[in-house]
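Chemist: Work out the full structure: start from the sequences and follow the hints.
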Amino acid sequence: MHEISIAESIVQIAETKAREQKALLVQVIKLRLGKFTTIVPEALQFAFEICREGTLSHAARLDIERIPMIVRCAVCDSSTEPMCGVCLICSECGFPLEIISGEELEIEYIEVDSEQEVSQCNQHQNEFQSRPMY
Amino acid sequence: MQPAPERISVQANVLNANQQTAIANRELFAREGLIVMNLMSAPGAGKTTLLEGTLKAFRGQMRVAVIEGDLQTDLDAQRIKALGVRAHQITTGTVCHLDARMIARALEAFPVSGLDLLIIENVGNLICPASFDLGESLRVVVCSVAEGPEKPKKYPVMFNKANVVLVNKIDLADASGVDLTELERNIREVNPTATIFSLSARTGEGLDAWTNWIQNAVQTRVQTALASA
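These protein sequences, in sequence, are chains A and B. Heads up: the first sequence begins at 1 in my numbering, then just goes up one per residue. Heads up: the second sequence begins at 1 in my numbering, then just goes up one per residue.
Any given hint could be a false lead.
Output of the computed footprint for chain A on chain B, the stretches with three or more beta carbons under 8 Å from beta carbons of chain A [stated by the list, open to error]:
| no. | segment |
| --- | --- |
| 1 | 9 to 17 |
| 2 | 121 to 132 |
| 3 | 153 to 161 |
Since the hints were derived computationally from the structure, they do not count as laboratory data. All C-beta atoms in this analysis are idealised placements derived from N, C-alpha and C, irrespective of residue type, glycine included.
Modeler: Rendered as structure tokens:
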């Protein structure tokens with residue numbers, strides 16, 4: 001269940017970025033998640049709901065964009081999704097394939113409410129500051 | 001009316017914090033001039049038995065230490081210490097993998113100066129450890145014959161990230177009805193460039209090729225370091 005560690009990192013990165021921008025509430029966290037990772041989206045959503053408590057992301061939605069796995073053969077100069085599961089040998093020429101996408105695990109952006117738009121957020125800020133950081 | 005939320009670009013890798021610590025670990029290992037092996041497998045593939053056989057072969061040849069990762073107990077560290085090799089146990093509690101910070105903390109209590117090789121035996125798990133760089137120079141995955149020939153296809157990320165795959169328990173191939181050629185082909189499919197050794201840690205068959213390979217790697221590292229000094 002390493003999704004907990006991943007979710008903790010996501011919340012922490014969003015928190016740091018939101019505070020840098022003096023935002024007080026995170027509405028959306030947009031994540032790009034490659035298919036060639038060991039992260040299960042459903043498990044990550046579940047872990048995120050636990051880890052966001054008491055932070056500026058406490059009501060945030062985690063939008064997960066799945067990025068397909070694309071492999072490239074340098075000999076045939078062609079890019080495709082891998083054949084038969086994850087076969088990294090070119091079906092045309094037998095050359096090892098290079099992974100060009102599918103390993104992404106990155107926060108693309110967050111959407112936030114800024115100070116003047118949210119009145120009750122100071123309360124959440126205080127709650128967060130009293131908690132230990134991860 | 002509620003104003004539209006403001007979008008802030010982040011473009012950050014989620015594992016960046018782990019990666020930064022892994023880079024610091026790697027720099028420390030490079031300064032000490034040692035090779036660091038991250039040894040990974042499913043539970044029960046025979047990592048610790050393999051390690052015992054490997055360490056016996058290194059006796060008097062190399063200065064080696066071991067960091068053991070398990071959820072509970074220091075049983076594995078005790079097995080290593082029984083061979084006269086320095087060992088440090090990390091117990092992760094419920095965490096299913098080692099991460100770079102756990103290694104950095106372990107290094108505070110477990111100095112690695114003067115070593116040729118540090119072996120980190122990760123928590124037995126073919127999924128989670130694949131995502132967490134520890135700062136190692138070599139990723140070694142152990143896959144036992146008795147697990148069946150499809151393991152590499154089922155856990156492609158772990159096998160894809162390996163520099164070396166050790167096929168262990170080949171003495172059980174017949175009893176398990178496993179075709180070693182098929183298993184090797186499945187490893188190649190997900191990792192065409194991995195170095196593969198087939199061996200049995202228990203009988204010692206094939207172990208020499210693996211231990212010689214590591215000794216050569218360490219020797220090459222020493223020569224490279226001397227040449228650049």
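Chemist: Hint by hint, work out which the structure violates, then give me just those numbers in ascending order.
Modeler: none
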